[in-house]
Amino acid sequence: AQTVTQSQPEMSVQEAETVTLSCTYDTSESDYYLFWYKQPPSRQMILVIRQEAYKQQNATENRFSVNFQKAAKSFSLKISDSQLGDAAMYFCAYRVGYNNNDMRFGAGTRLTVKP
Amino acid sequence: KAGVTQTPRYLIKTRGQQVTLSCSPISGHRSVSWYQQTPGQGLQFLFEYFSETQRNKGNFPGRFSGRQFSNSRSEMNVSTLELGDSALYLCASSLGTAAGNTIYFGEGSWLTVV
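Chains as they are written, first to last, in our numbering: chain A, 1 to 115; chain B, 1 to 114.
These are calculated hints, taken from the structure and not from any lab test.
Don't take each hint at face value.
Claimed, not checked - With a straight-line Cα cutoff of 30 Å, these simulated BS3-like cross-link-like pairs (lysine-lysine) come out:
1. A:LYS114 - A:LYS78
2. A:LYS55 - A:LYS70
3. B:LYS57 - B:LYS13
4. B:LYS57 - A:LYS70
5. A:LYS73 - A:LYS55
6. A:LYS73 - B:LYS57
Unchecked claim - If you want the footprint, here are the derived chain B segments under chain A, 3+ residues with CB under 8 Å:
7. 49–58
8. 81–94
Just so you know, these numbers come straight off a predicted model, no measurement behind them.
By construction, the Cβ of each residue, glycine as well, lies at the ideal position given by its N, Cα and C atoms.
Next up, chain B with everything else stripped away, as it sits in the complex:
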């Protein structure tokens, strides 16, 4: 069974540009959540989607957005990139949002903003 797949794995963008990251959850998983990991702030929750609906959102500016498709695949978008957006973006999936569900993470997308 394939794990959580994130693409691209590495990318470099210029300040002011926008970026789209993709996440394919484990087959059968309907919940997808996104996290940002930086040396300074650690791991921070961005948002969560279930059945194409955003259920929760972390404390990030509106430049960070996401969506989920009917096949549960998810994308996150960051517009008007800033240097501080350089981070590892981790996607995670689970069967649903019930507390007993195990959350599985992908290997992440490394974003460097120059």
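Chain A extracted, bound-state conformation:
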């Protein structure tokens, strides 16, 4: 069974600093997609970044980047130059299969940004 583990229930970062959120997953598939979603107090899930497993290059989106270690089944999110608006719950997710929208989510990491 595919599982996603986020070992950090809460993280804190100073504004303008860098923070890394951890995620590990378990799968027997060789090709899949991984995602980081942000859930602010409004509760709407917002896609932050995604990674295709067959791509060696780590995905980046402005201040957000990932460290994808396929062999170790690790997928961490780095947020650079943290802003107050980055405060939210962050969920790591794994997409099951290639032809459906069944996503498995981790338990989430609550990120606090201190001014």
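Dock chain B against the given chain A, drawing on the hints supplied.
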């Protein structure tokens, strides 16, 4: 372009009743999926619809059902409500089910069962 719209946003039901939640996907999106979010179980996949057909179903009892209409709008129904059904129900849509499609979420429907 309007996002994924869910109605109602908040509702309170009594144990034993049934509830219907509605989801309007982004225009042009044909795939709709539903998730339940609770503090204890986190985010769990309920089911997915594409072109009015259920393609996948999560590990939920038969009290949870859904459907999709020809305009891609979707509804989910929970019958014989239990206290444990209290949750945020999130709807998500995408163009299709191909792995490269981005999934967009709505703001959810908060269900409280008393």
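Each hint, compared with the structure:
1. This hinted pair checks out: LYS114 of chain A and LYS78 of chain A have alpha carbons roughly 17 Å apart, not beyond 30 Å.
2. Only pairs whose Cα atoms come within 30 Å are accepted, and LYS55 of chain A paired with LYS70 of chain A is accepted, the gap being roughly 10 Å.
3. Of the supplied pair hints, the one linking LYS57 of chain B and LYS13 of chain B holds, its CA atoms being roughly 24 Å apart against a limit of 30 Å.
4. Note on LYS57 of chain B and LYS70 of chain A: the hinted pairing holds, with a Cα-Cα distance of about 28 Å set against a maximum of 30 Å.
5. With a C-alpha separation of about 14 Å, the suggested pairing of LYS73 of chain A with LYS55 of chain A holds against the 30 Å cut-off.
6. Our distance criterion of 30 Å between C-alpha atoms is met by LYS73 of chain A and LYS57 of chain B, whose separation comes to about 26 Å.
7. Using a Cβ-Cβ cut-off of 8 Å, 3 residues of the region 49–58 of chain B lie near chain A, which meets the minimum of three, so the contact claim holds.
8. By the rule of at least three residues with a Cβ nearer than 8 Å to a Cβ of chain A, the coverage given for the region 81–94 of chain B holds, with 4 such residues.
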